[in-house]
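Student: Chain order of the listed sequences is L and X.
Per full-length UniProt numbering, the very first residue in the first sequence carries number 1; after that it's consecutive.
Per full-length UniProt numbering, the very first residue in the second sequence carries number 1; after that it's consecutive.
Since the hints were derived computationally from the structure, they do not count as laboratory data.
Some clues are possibly wrong.
[Claimed, not checked] Ranges between beta-carbon positions, derived for each pair:
no.	chain 1	residue 1	chain 2	residue 2	range
1	L	G92	X	R193	22 to 28 Å
2	X	S241	L	S137	23 to 29 Å
3	X	G166	L	R193	36 to 42 Å
Yeah, the Cβ is synthetic: ideal placement off N, Cα and C, and Gly gets one too.
2 protein chains.
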Amino acid sequence: MAEEKVWTAALLVIGDEILSGRTQDKNISQVAVWLNVQGIRLEEVRVVPDHQARIADGVNALRTAYDYVFTTGGIGPTHDDITVDSIAAAFGVPVIVHPKARQILEDYYVTRGGVSEARLRMARVPEGAELIPNPTSGAPGVKMENVYIMAGVPSIAAAMLQALDGKLEGGRPVLSATVGAYAPESDVADLLRETEETHTGVAIGSYPFFKEGRYGANFVVRSDDGDLVDRTSADLQRRLSEAGYEPYPGGL
Amino acid sequence: MAEEKVWTAALLVIGDEILSGRTQDKNISQVAVWLNVQGIRLEEVRVVPDHQARIADGVNALRTAYDYVFTTGGIGPTHDDITVDSIAAAFGVPVIVHPKARQILEDYYVTRGGVSEARLRMARVPEGAELIPNPTSGAPGVKMENVYIMAGVPSIAAAMLQALDGKLEGGRPVLSATVGAYAPESDVADLLRETEETHTGVAIGSYPFFKEGRYGANFVVRSDDGDLVDRTSADLQRRLSEAGYEPYPGGL
Numbered sequence: 001m002a003e004e005k006v007w008t009a010a011l012l013v014i015g016d017e018i019l020s021g022r023t024q025d026k027n028i029s030q031v032a033v034w035l036n037v038q039g040i041r042l043e044e045v046r047v048v049p050d051h052q053a054r055i056a057d058g059v060n061a062l063r064t065a066y067d068y069v070f071t072t073g074g075i076g077p078t079h080d081d082i083t084v085d086s087i088a089a090a091f092g093v094p095v096i097v098h099p100k101a102r103q104i105l106e107d108y109y110v111t112r113g114g115v116s117e118a119r120l121r122m123a124r125v126p127e128g129a130e131l132i133p134n135p136t137s138g139a140p141g142v143k144m145e146n147v148y149i150m151a152g153v154p155s156i157a158a159a160m161l162q163a164l165d166g167k168l169e170g171g172r173p174v175l176s177a178t179v180g181a182y183a184p185e186s187d188v189a190d191l192l193r194e195t196e197e198t199h200t201g202v203a204i205g206s207y208p209f210f211k212e213g214r215y216g217a218n219f220v221v222r223s224d225d226g227d228l229v230d231r232t233s234a235d236l237q238r239r240l241s242e243a244g245y246e247p248y249p250g251g252l
Numbered sequence: 001m002a003e004e005k006v007w008t009a010a011l012l013v014i015g016d017e018i019l020s021g022r023t024q025d026k027n028i029s030q031v032a033v034w035l036n037v038q039g040i041r042l043e044e045v046r047v048v049p050d051h052q053a054r055i056a057d058g059v060n061a062l063r064t065a066y067d068y069v070f071t072t073g074g075i076g077p078t079h080d081d082i083t084v085d086s087i088a089a090a091f092g093v094p095v096i097v098h099p100k101a102r103q104i105l106e107d108y109y110v111t112r113g114g115v116s117e118a119r120l121r122m123a124r125v126p127e128g129a130e131l132i133p134n135p136t137s138g139a140p141g142v143k144m145e146n147v148y149i150m151a152g153v154p155s156i157a158a159a160m161l162q163a164l165d166g167k168l169e170g171g172r173p174v175l176s177a178t179v180g181a182y183a184p185e186s187d188v189a190d191l192l193r194e195t196e197e198t199h200t201g202v203a204i205g206s207y208p209f210f211k212e213g214r215y216g217a218n219f220v221v222r223s224d225d226g227d228l229v230d231r232t233s234a235d236l237q238r239r240l241s242e243a244g245y246e247p248y249p250g251g252l
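Chain L extracted, bound-state conformation (with noise of 0.2 Å):
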């Protein structure tokens, strides 16, 4: 079987509120959990002020080590919203009114009082620039060569996701099967590092838990192989029961 390509993404949240703890971020997770169906695999993530300078560095230095880069934040029509300036900048291109991005937000806010000179601030892109439709509240996000600008709350990201499903390139979405057992991590450190060895291709993952008094762990066992994914987890849970663990029901 030939070496298939691996498709890569790494996602920018920009967000002041982020790194101030005030805001849980949610958009990692459900990227990531995107992405993922579609083939593709997030391998980077970073987490960046509102600040001109670092928003364009950071996507200078991902949009050139993966396939993809996602970011999430900073569109909104305030002064403190600098996404879109920033990548221009990154990319050395000027900021322009997409006329079509206009169009979308003349209509949109036609019934909600018109448009502003703030509300046309999210009519703004990096010259050269595509839209991404924004299904839920008007304003569109901005695909910049392979750089999704979209929005930081979740779900307007969310929407935004949606309308990107099946559209960009992938490879086998990678595939996972749980395992749990109520097995001490440390207790079967070696039984899962020779499951994993018998079985070129997949990777395990531990993830301990502490519940009703019982320590224990989860296995997650990965691979772009269904079938593989298959014989180790039944491998797996076979080696546990054989050494005498109580399966625990509550995997994935």
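Place chain X on chain L using the hints.
Tutor: Frame of chain L; chain X shown alone:
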């Protein structure tokens, strides 16, 4: 007034389980909030996979750019726990078994089945490192120069942070006040920018919401000068009220 040093930190979250979307990260916000209390500003977060070179590169990039680096994840007893090895590689030093960590584990496991080779993995540190006490589960964290290596399980990471309370040099904590209003943020963009410009030294963030059928936003005023925060939020409240917007009491 002389310019005070701003103490900065970065967080490196290590874990395939975050990048796959399986686990919702909880360490970013708790580290952020804790750092703020210490008067240290969280300037950047990176999430990287369980991969030695990626961890080492991340640590090396961050430890030279910021005063402090915190890492979470990958310090347990199993084969996928490679944080200590990766950070030793980043510093170009060997991994040794720390005598005091070994003693802590021997004491901890004396009533829990004894130390095994896997459990002793948790006594391994980069040569030259010190320990971070872990009151909850035996295995200590590790401090290597300005890098603080902590557990990924949020409750254990929290206990390690608590053990470090007040021990890191920092500046003045950033203070904040939240002013909420039923004001669509695009309608008050100018008002916000003018308020920020009037009060040199504050930053105002705008976080929109849609609640019970009404648009509004929380405006967060931030500065390390408490009086300035108070003056600015009072002024912002007055301006919003004069412009006819109803206060939203649900701010922080």
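Student: Of all the hints given earlier, name the ones this structure violates by number, lowest first.
Tutor: none
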